[in-house]
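Enquirer: Chain by chain, the residues run as shown.
Protein chains: 2
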Amino acid sequence: MKNLVLLGSTGSIGTNTLRLATDFPDRFRVVGLTAGSNSDKLLAQIRRFRPRCVALADAAAAERLRRRCGRQPDLRNLEIEILSGTEGLVRVATLEEADLVVSAIVGSAGLLPTFAAIGAKKTIALANKEPLVMAGSILQQEAQRQGITLLPVDSEHSAIFQSMSGQRRRDVRRLILTASGGPLLDLPIGKRRTIKPAQALKHPTWRMGSKISIDSATLMNKGLEVIEARWLFDIPPDRIDVVIHRQSIVHSMVEYLDGSVIAQMGVPDMRGPLGYALNYPERLPLGLPSLELTKVKALTFEPPDLKKFPCLGYAYEAIKIGGSLPAVLNAANEVAVRAYLEDRIGFLEIARLIRKTMDAHVPQAVKSLEDVLEADRWGREKAAKAVKEDGR
Amino acid sequence: MKNLVLLGSTGSIGTNTLRLATDFPDRFRVVGLTAGSNSDKLLAQIRRFRPRCVALADAAAAERLRRRCGRQPDLRNLEIEILSGTEGLVRVATLEEADLVVSAIVGSAGLLPTFAAIGAKKTIALANKEPLVMAGSILQQEAQRQGITLLPVDSEHSAIFQSMSGQRRRDVRRLILTASGGPLLDLPIGKRRTIKPAQALKHPTWRMGSKISIDSATLMNKGLEVIEARWLFDIPPDRIDVVIHRQSIVHSMVEYLDGSVIAQMGVPDMRGPLGYALNYPERLPLGLPSLELTKVKALTFEPPDLKKFPCLGYAYEAIKIGGSLPAVLNAANEVAVRAYLEDRIGFLEIARLIRKTMDAHVPQAVKSLEDVLEADRWGREKAAKAVKEDGR
Chain A
1 MKNLVLLGST GSIGTNTLRL ATDFPDRFRV VGLTAGSNSD KLLAQIRRFR
51 PRCVALADAA AAERLRRRCG RQPDLRNLEI EILSGTEGLV RVATLEEADL
101 VVSAIVGSAG LLPTFAAIGA KKTIALANKE PLVMAGSILQ QEAQRQGITL
151 LPVDSEHSAI FQSMSGQRRR DVRRLILTAS GGPLLDLPIG KRRTIKPAQA
201 LKHPTWRMGS KISIDSATLM NKGLEVIEAR WLFDIPPDRI DVVIHRQSIV
251 HSMVEYLDGS VIAQMGVPDM RGPLGYALNY PERLPLGLPS LELTKVKALT
301 FEPPDLKKFP CLGYAYEAIK IGGSLPAVLN AANEVAVRAY LEDRIGFLEI
351 ARLIRKTMDA HVPQAVKSLE DVLEADRWGR EKAAKAVKED GR
Chain B
1 MKNLVLLGST GSIGTNTLRL ATDFPDRFRV VGLTAGSNSD KLLAQIRRFR
51 PRCVALADAA AAERLRRRCG RQPDLRNLEI EILSGTEGLV RVATLEEADL
101 VVSAIVGSAG LLPTFAAIGA KKTIALANKE PLVMAGSILQ QEAQRQGITL
151 LPVDSEHSAI FQSMSGQRRR DVRRLILTAS GGPLLDLPIG KRRTIKPAQA
201 LKHPTWRMGS KISIDSATLM NKGLEVIEAR WLFDIPPDRI DVVIHRQSIV
251 HSMVEYLDGS VIAQMGVPDM RGPLGYALNY PERLPLGLPS LELTKVKALT
301 FEPPDLKKFP CLGYAYEAIK IGGSLPAVLN AANEVAVRAY LEDRIGFLEI
351 ARLIRKTMDA HVPQAVKSLE DVLEADRWGR EKAAKAVKED GR
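Those protein sequence lines, which keep their order, are chains A and B.
With the working numbering, you'll find the first sequence wraps up at 392, consecutive numbering, no jumps.
With the working numbering, you'll find the second sequence wraps up at 392, consecutive numbering, no jumps.
This list has only true hints and no planted wrong ones.
A few chain B positions that, by computed beta-carbon distances, are all more than 12 Å from chain A:
no.: 1; residue: 15
no.: 2; residue: 53
no.: 3; residue: 61
no.: 4; residue: 91
no.: 5; residue: 94
no.: 6; residue: 235
no.: 7; residue: 237
no.: 8; residue: 356
With a cut-off of at most 35 Å between alpha-carbon atoms, the simulated DSBU-like pairs for lysine-lysine come out as follows:
no.: 9; chain 1: A; residue 1: 295; chain 2: B; residue 2: 295
no.: 10; chain 1: A; residue 1: 295; chain 2: B; residue 2: 308
no.: 11; chain 1: A; residue 1: 295; chain 2: B; residue 2: 320
no.: 12; chain 1: A; residue 1: 297; chain 2: B; residue 2: 297
Please keep in mind that the hints were generated in silico from the structure rather than gathered at the bench.
Ideal Cβ positions, reconstructed from N, Cα and C, are used throughout, including at glycine.
The shape of chain A in the complex, shown without the other chains (with noise of 0.2 Å):
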């Protein structure tokens, strides 16, 4: 029986999680919960999966759930812990009985709770790639010292550890990540100026949440990713491809010093990642349909256009640099998001706001936390000044 703790319970890698928890009741019990502001799903949560331990970023939802869980005959004289902000993210994150943690937050908002768990020593089932793309040297260091391992939980990362499975990491020659194009891909670069957020987040092979969704229109997912897997596999970035292959079906693939590649395929669905992060090194009988290659017929790979794609360069060219830079790129791109979300600028104007925050920014060395925070909170003011002076 693993005990799990779900950074980002709310989301939809923590939803997936949690019909996990239900699927295999008796390998899995959930102790703790961690939300951004929803406190209504939280509290259905709570309701099904009785976690000794809950926090929510927001003060004022904690509040409101606390208020609500008081009023509920059945909750009222559970012992649940509810608390709130960065604070309680990383009580929760680091509470004892936890034997694993699904860091699964969106952003940069992961970095603290994430490191803290693996200072607590908990195994890590990681979703959320940012604390990776911002502070990648720093986290893989503390793992190390810790003796504890980051499991992926992206479909491409799991894909390349379960293709390293029981090979010698010396023997690796280059990692191919496999990208689906997104929903964009075949749109000529004339029409991609008026896309709008609705058709950006239409991904053509996987269910997401919508920063990932547009992070995949616009490639910087894939990008954010080479980062990731140069952080997880301890691979330099110049052994690190991409080609984008429209079916997602080969998750992403390993290739050895003999020309042999081992890839990992599957049909596209999360719970394959995450089942196997949450039950490694066994793999769960998860009734996910079988691959069946001939129905799907055909598998296809192209190079990617990095014209259409900047973003993608922008973040090879962040963690050929290091230092602060990738953290700078990620802070831009979140901030370029939400903006593009909330309508105030454009589909272009995306990649245009990293470039011109990765411009005016001077790469400095980061050697803890505090570093990268700085270069995080740096890129999202300077993020931000571009949109008001660029938006709409």
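With chain A fixed as given, assemble chain B onto it according to the hints.
Expert: Below, chain B alone, put in the same frame as chain A:
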């Protein structure tokens, strides 16, 4: 440094093995070679690799080789044993100084030397599939008793072996063998009757010997591989599937119970799986080109047509019924392929002869190699008689 013995050194696998031994002189030393009757080629190999002991199955060829070696100034003083017959092959297969025996004799002639090598606790790199087809249960029992590993050299089985690396055997749901479909895949049934050997030998993706090339044209090769996989990986045949994959890039796949599929890919070159088996568990820098999927563009998958390729169905039938039937299937196939290559029967008669021989056979349990050899003899006689009755 590994000491190698090559059973079948003058064939396609044998020469590729020697190429690897040449490329990695600090890793492999050739201590024994055997061939059927090609004394010229064996002499050239002796001159190059200076093994301590060689054997030719054909006694007259061995005598010829002895005389020629005696006449060569550079070989006269080499202390090289030249043996002959099955006894000679067995002797080389069990050389005391051998660490790894490459079993690459074509067809059933490999059975006794391979069995002897297992009995002498040699690690086996198995390219010769017929021994497992004929006597899989007996060979695996002996391998387990001796505590040795059968390392597959067939690209398909190497792919499965690699795709199971680091995985738990009991998590395996299904093996998926890929088949290029051979040179006649798109030829309508009506036009198959008049196919000449020269056309049937033109394999689209792999360069191989003539027996295995014809087996690829009938898909019997894939059928034999299903039987081989059943024994190598201890998976029942109803959990082994075959898909047509024209590009021969995905060499085979393993599906796990969580729906995840691990595949091994690469450019079609025998040195890949061969190098993996020779140097297992370390990979060799083979200098093979990287697999560029964006140049391959698409990987396609189709179900096999059992009407066009009845031999595949016969092989499934043989392994499901078991006992002596797989040995009879294999014997009839060897006789039929030789008759076809000698233009004594037409292409469609290959399958018909096998069917006829199988129908005439009453399957028996096989408990010893003698039982297997008896089934083999029976199948050969029956099939040879059928060639005479139905042939040209």
